[in-house]
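Participant: So the chains spell out like this:
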Amino acid sequence: MTLALLLLLLTLVILTLSVGRERRLTRVEKAVIYVLAPAQKVVMRAVDSVSGLVHRYFFLIDTAEENARLRAELSRLNQELVLYRESHLANRRLRRMLEFKEGQTLSLVAAEVIALDPSGWFKTILVDKGSQDGITAGMAVVNADGVIGRIIDVSYRHSKVLLLIDRSSAVDALIQRSRAKGILKGSPEGVCRLEFVIRNADVQEGDTVITSGLAGAFPKGLLLGRVGQVERAAGSDGLFQKIVVEPAVDFERLEEVLIALRPNPFLSEKSRD
Amino acid sequence: MTEDFRYYPAHLAVGLALIVLQSTLLARLGGLNLLPVLIIHLATSRGFLTGEVLALCLGLLQDLYSGSWTGLHAGIYLGVYMSAALIHRRLNLTHPLHQLAVVFLALAANHLILNRAVGLLGPAGWDWLRIGLITAFSPVLFRLFGLVESCQVKLLHASAGERS
Chain A
1 MTLALLLLLL TLVILTLSVG RERRLTRVEK AVIYVLAPAQ KVVMRAVDSV SGLVHRYFFL
61 IDTAEENARL RAELSRLNQE LVLYRESHLA NRRLRRMLEF KEGQTLSLVA AEVIALDPSG
121 WFKTILVDKG SQDGITAGMA VVNADGVIGR IIDVSYRHSK VLLLIDRSSA VDALIQRSRA
181 KGILKGSPEG VCRLEFVIRN ADVQEGDTVI TSGLAGAFPK GLLLGRVGQV ERAAGSDGLF
241 QKIVVEPAVD FERLEEVLIA LRPNPFLSEK SRD
Chain B
1 MTEDFRYYPA HLAVGLALIV LQSTLLARLG GLNLLPVLII HLATSRGFLT GEVLALCLGL
61 LQDLYSGSWT GLHAGIYLGV YMSAALIHRR LNLTHPLHQL AVVFLALAAN HLILNRAVGL
121 LGPAGWDWLR IGLITAFSPV LFRLFGLVES CQVKLLHASA GERS
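Protein chains in written order, with the numbering used here: chain A, 1 to 273; chain B, 1 to 164.
Treat the hints loosely; a few may be bogus.
From chain A, some residues computed to sit far from chain B (all C-beta separations above 12 Å) [claimed, not checked]: (1) Asn78; (2) Gln79; (3) Ile114; (4) Gln132; (5) Asn143; (6) Ala201; (7) Gly206; (8) Ala215; (9) Gly228; (10) Val230.
Simulated restraints, written as ranges between beta carbons of each label pair [to be verified]: (11) Ala101/B with Glu112/A: 37 to 47 Å; (12) Gln176/A with Arg28/B: 30 to 40 Å; (13) Gly134/A with Leu12/B: 25 to 35 Å.
Derived by calculation from the structure, the hints in this document are not laboratory data.
Being a predicted model, the structure only gives us computed values, none of them experimental.
Ideal placement from N, C-alpha and C gives every residue a C-beta, glycine not left out.
Make the full structure from the sequences, and use the hints.
Facilitator: Below, the structure is given as structure tokens:
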């Protein structure tokens, strides 16, 4: 019983020391991750293969209908693409005229998802790229659909990613159309909430939400999601709007991710090592 | 209850296997946490010292893979282990229904503590279905854990026989 109390005390000390501090993996922790990672990789690949097979089987039924719909969608998107190219060219000309510098091209590293959060309470994933690939804490993680999250822990060959939908995730964001700013936070329901957007800011359902580039963690202009629901308090109640944002990324089907090799300027040189 | 360390490798192996399963297959199925069931099994079958250290190790292992603070799951599992072991000492929880009740209470306590701890960062979700599923499935897991233990005992006996 004495040992139990001592162990409990030890746990409390560990917990107190870890709360509110930047987490650094110990050698033992790195070794455990290193040893378990291959098994997780194998199981994850098997699970993904089976789920992909099941998924494809069920969706085969609707393939013809889906194909026709996608062709129509493709045609519409092609037309839109022409317009966007035109806008992009106009934008570049104006930028040159105003002597704005072009944004830096992101250097990306591809990584495979090898494990998810085992408790079911937190939204984190483990990827197979680590410090040997130049990954450091705070780097942005994206895929073709948009922002996935950011690196929070790095070991030699693996990194832990805090997903955008985790309740402790917060990203500085803006509405692309109206440039209204806010903080995009995760929520347990699997959607995000855009907070601290003032009441009279112009926000509509369907608006695109992108990263603002402020706070340094994420480059500007990465797609975060679309506004799903906007709620303004009646009368003079409430300073801010309640905005629900549907993430652009399907977090249930993450298999590969891209890590943007751009260090967080707010992290110290020591913590990057 | 005997303070027996012979089962350490078997339980650690089961714990590691559960972590691998939970971070892959079970995470895809909605995030089922089976480690509390192993903790209850330890509390109702092993000696105090053996189970306490294992509960702490398994909790730290879960903390390593979760987005939680280091020591959060370790503390919860140690508390769950101690409570279950104390109840077992007084009531002898060998009946399957009693074990089910303890598993349910442990999972509920685990949830409530995590909900309070994580809830500080934002609104927390709640999934009774998950807890119900794990509770209903726990007798099978108890059987499985017992099977792994007996396999290790046989291996130990075999190796002792070879030495003599």
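Participant: Next, verify each hint and record whether it holds.
Facilitator: Against the structure, the hints come out as follows:
The Cβ of Asn78/A sits about 35 Å from the closest Cβ of chain B, beyond the 12 Å cut-off, so the non-interface label holds. At roughly 38 Å, the least C-beta separation between Gln79/A and chain B is larger than 12 Å, which holds for a residue marked as non-interface. Under the 12 Å C-beta cut-off, the non-interface status given to Ile114/A relative to chain B is violated; the minimum distance is some 8 Å. Consistency note on Gln132/A: stated as away from chain B, and its beta-carbon is indeed over 12 Å from all of that chain's, at 20 Å minimum.
For Asn143/A, the non-interface assignment is confirmed: its Cβ lies about 18 Å from the closest Cβ of chain B, beyond the 12 Å cut-off. Every CB of chain B lies more than 12 Å from the CB of Ala201/A, the least distance being 22 Å, so the non-interface label holds. The Cβ of Gly206/A lies farther than 12 Å from every Cβ of chain B, with a closest approach of about 25 Å, so its non-interface assignment holds. With 12 Å as the threshold on Cβ separation, the claim that Ala215/A sits away from chain B holds: the shortest Cβ distance comes to roughly 18 Å.
For Gly228/A, the requirement that its beta carbon stay farther than 12 Å from each beta carbon of chain B is met, with the minimum near 17 Å. Consistency note on Val230/A: stated as away from chain B, and its beta-carbon is indeed over 12 Å from all of that chain's, at 19 Å minimum. With their beta carbons about 42 Å apart, Ala101/B and Glu112/A fall inside the hinted range of 37 to 47 Å. A C-beta distance of roughly 33 Å is found between Gln176/A and Arg28/B, which places it inside the suggested range of 30 to 40 Å.
The hint said 25 to 35 Å for the Cβ distance between Gly134/A and Leu12/B, and at roughly 34 Å that hint holds.
The structure shown violates just one earlier hint, number 3.
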